[in-house]
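Going line by line, the protein sequences match chains A and B. The first sequence: position 328 = 328 (this note's numbering), numbered continuously. Adding 1000 to a residue's 1-based position in the second sequence gives its number in this note's numbering.
Treat the hints as calculated values from the structure; they're not laboratory data. Note that CB positions come from ideal geometry on N, CA and C, so glycine has one too. It cannot be assumed that every hint is accurate.
To be verified - On the chain B side, residues computed to face chain A include the following (Cβ under 8 Å): (1) 1031; (2) 1035; (3) 1036; (4) 1038; (5) 1055; (6) 1062; (7) 1065; (8) 1066; (9) 1070; (10) 1071; (11) 1072; (12) 1073; (13) 1077; (14) 1127; (15) 1129.
Unchecked claim - Covered stretches of chain A, going by a simulated chain B footprint (3 or more residues, C-beta under 8 Å): (16) 200–210; (17) 297–307.
To be verified - Simulated restraints on C-beta separations: (18) 1101(B) <-> 375(A): 47 to 55 Å; (19) 41(A) <-> 1107(B): 41 to 49 Å; (20) 364(A) <-> 1113(B): 52 to 60 Å; (21) 43(A) <-> 1075(B): 30 to 38 Å; (22) 112(A) <-> 1095(B): 16 to 24 Å; (23) 41(A) <-> 1003(B): 23 to 31 Å; (24) 112(A) <-> 1132(B): 54 to 62 Å; (25) 45(A) <-> 1003(B): 51 to 59 Å; (26) 1022(B) <-> 374(A): 55 to 63 Å.
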Amino acid sequence: MITRFRQVEMRLMGPLTAIPIVLAVAVLGTIAALPVLAMVISELTQDFIPPGLQHLVTVAVGCAGFIGILALNPIYAIWLERKVAAHVQDRLGPMRVGWHGLLQSFADGIKLLFKEDLVPKNADPVLFRAAPMLAIVSAFAAFAIVPWGVRSDGAVLAVADLNIGVLYFVAITSLGALSVLMAGWGSNNKYALYGGMRAAAQMVSYEIPTAILVLLVVAQVGTLSIPEIVAAQEGGFLGIGDWLIFQMFPLNLIGFVLFFICGLAETNRTPFDIPEAESELVAGFHTEYSGMRFAFFFLAEYGNMLLVSMLAALMFLGGWVGPFGSNPLLLFVKGFGLVVVQMWLRWTLPRLRVDQLMAVCWKYVIPISFFLLLVVAGVRGVGAGW
Amino acid sequence: MESMAAQAIFYVVAALVLASALYVVLGSNLVHAAFALVAAFFGVAVFYVYLGADFLAGAQVLIYVGGILTLLLFGVMLTNRIYDLKIRTGKVQVLPGALASGLVFALLIWIIGAVDWGAMDTGDPGPSSEPLGRLLVGDYVLAFEIASVLLLIALMGAAMLVRRRSGS
């Protein structure tokens, strides 16, 4: 018993004590350099640009952040995942290509580019080809509403500063389920089909608590706009006291944890990765995919991981607001921090069974999130003098 | 909304909606038809954006594309002959169908022509979620509550139907 406990403890502590992982977070932080640089440039030049072009500039800065994410995040996130996995399992992971294997993902990407483009003979050619595109579109389109920060003159740096921001997030991510279904069906392979069906059931189920937990935030802040949600979390003790996660303790803490769990489920990450459970389904919905199409599913998965992490950071952890004032770097640190937690969980926890997965959602997560919403709405209502 | 680009996008989306809706009706591959319906619903959401109904557009994508269509596809894939890629639908009752839809179409055209829509040209109507929310729990609270009770009944009915009876 004691040895077993020690093993679990070591597995949990492994990624925390490993120095390369700390370095890895620093490397991932450099991905934030592009949007931060763009932000600094836009700060310095805001007095020289005519007012008519100001909106264009903020959109351009938002796009810079977007491109930084699109181009670099998956490459380093995959490398980081392999490193985390290796250190959890007491290995070294990729070490040969570049310093501590930093260029390994570039090499793998080039390899995938040159692989033969296979479409199975009996697959549905249209759906088979369209599915990876839909996956990547749904993963990356959602980044359009992720704001990177606010300039000193109050302009929001985002591709699109929608006033229905969080609703757009919930709506667009639901397209991901469709792409998985499309891939599963189009492959004409029973493992792929089972994977697709499982993914659809899982994503449709976990969409409900996600939407309710978004409502939890909306009920407290009173807006659907993400920059306004962040603005409501500014100030307080040490600059972190007004983060939503610390308010109405412990309601929002529970809400944050549940939102993170739903995020794991919606991105099909372990312990919720039954759509691609390799011990039962070969590789699930992407069994038949190879080369760049396979890479597209991977890019979409890592994009989604960062998306839910950044949304959790924006809604509960104050986004770019923190002890050192407001800075887009803070948002990236929080977002990537949560991504690392996702990886840590993946290599620590076993996979849930299908029925357990549904039970977790319908018997625990949904009732608890409804309860949270009810209490928070009641407190708000009493506060507003109803 | 007057810019050429906005108009061009409108016509492209309109063509997409029409084409995919036609495929839903005329196409014989059931799964393809379901995915064509996704495109049609998505295009309608774009129309909502053009009309300034931002919340409605988001809700359209969330409910129809994310919820209903996923369930619909789920249903299609759970039907018989799951290992056969080609689930097909036949064409039956072409003449009555064409007649009925033609009549509805004529009725709609007549209504569009007959009603004075009082075209609103006030530019950007601004965020719609707050007034919509106030109306839903204010003036229209009865309809809102009845709809939610209806959904609750449907939910309980579904749970009732699939539940295992003890003893049998």
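Here's how the hints hold up against the structure:
1. 1031: It holds, given that the least Cβ distance between residue 1031(B) and chain A is near 6 Å, below 8 Å.
2. 1035: Result: holds, 7 Å to nearest chain A Cβ.
3. 1036: Violated, because the Cβ-Cβ distance from residue 1036(B) to chain A comes to roughly 11 Å (cut-off 8 Å).
4. 1038: holds (6 Å)
5. 1055: holds (6 Å)
6. 1062: Hint holds; residue 1062(B) Cβ to chain A Cβ min 4 Å, cut 8 Å.
7. 1065: holds (6 Å)
8. 1066: holds (3 Å)
9. 1070: Since chain A brings a Cβ to about 5 Å from residue 1070(B), closer than 8 Å, the hint holds.
10. 1071: holds (7 Å)
11. 1072: Violated - the Cβ of residue 1072(B) stays beyond 8 Å from chain A, reaching only about 10 Å at its closest.
12. 1073: holds (5 Å)
13. 1077: It holds, given that the least Cβ distance between residue 1077(B) and chain A is near 6 Å, below 8 Å.
14. 1127: holds (4 Å)
15. 1129: At 6 Å from the nearest chain A Cβ, residue 1129(B) passes the 8 Å test, so the hint holds.
16. 200–210: holds (count 5)
17. 297–307: violated (count 0)
18. 1101(B) <-> 375(A): 47 to 55 Å: With a Cβ separation near 50 Å, residue 1101(B) and residue 375(A) satisfy 47 to 55 Å, so the hint holds.
19. 41(A) <-> 1107(B): 41 to 49 Å: Given about 58 Å between the Cβ atoms, the range is violated.
20. 364(A) <-> 1113(B): 52 to 60 Å: holds (55 Å)
21. 43(A) <-> 1075(B): 30 to 38 Å: Hint violated: Cβ distance 53 Å, outside 30 to 38 Å.
22. 112(A) <-> 1095(B): 16 to 24 Å: Cβ of residue 112(A) to Cβ of residue 1095(B): about 53 Å, so the range 16 to 24 Å is violated.
23. 41(A) <-> 1003(B): 23 to 31 Å: Given range 23 to 31 Å: holds, Cβ gap about 28 Å.
24. 112(A) <-> 1132(B): 54 to 62 Å: At 46 Å between Cβs, range violated.
25. 45(A) <-> 1003(B): 51 to 59 Å: violated (27 Å)
26. 1022(B) <-> 374(A): 55 to 63 Å: Given range 55 to 63 Å: violated, Cβ gap about 46 Å.
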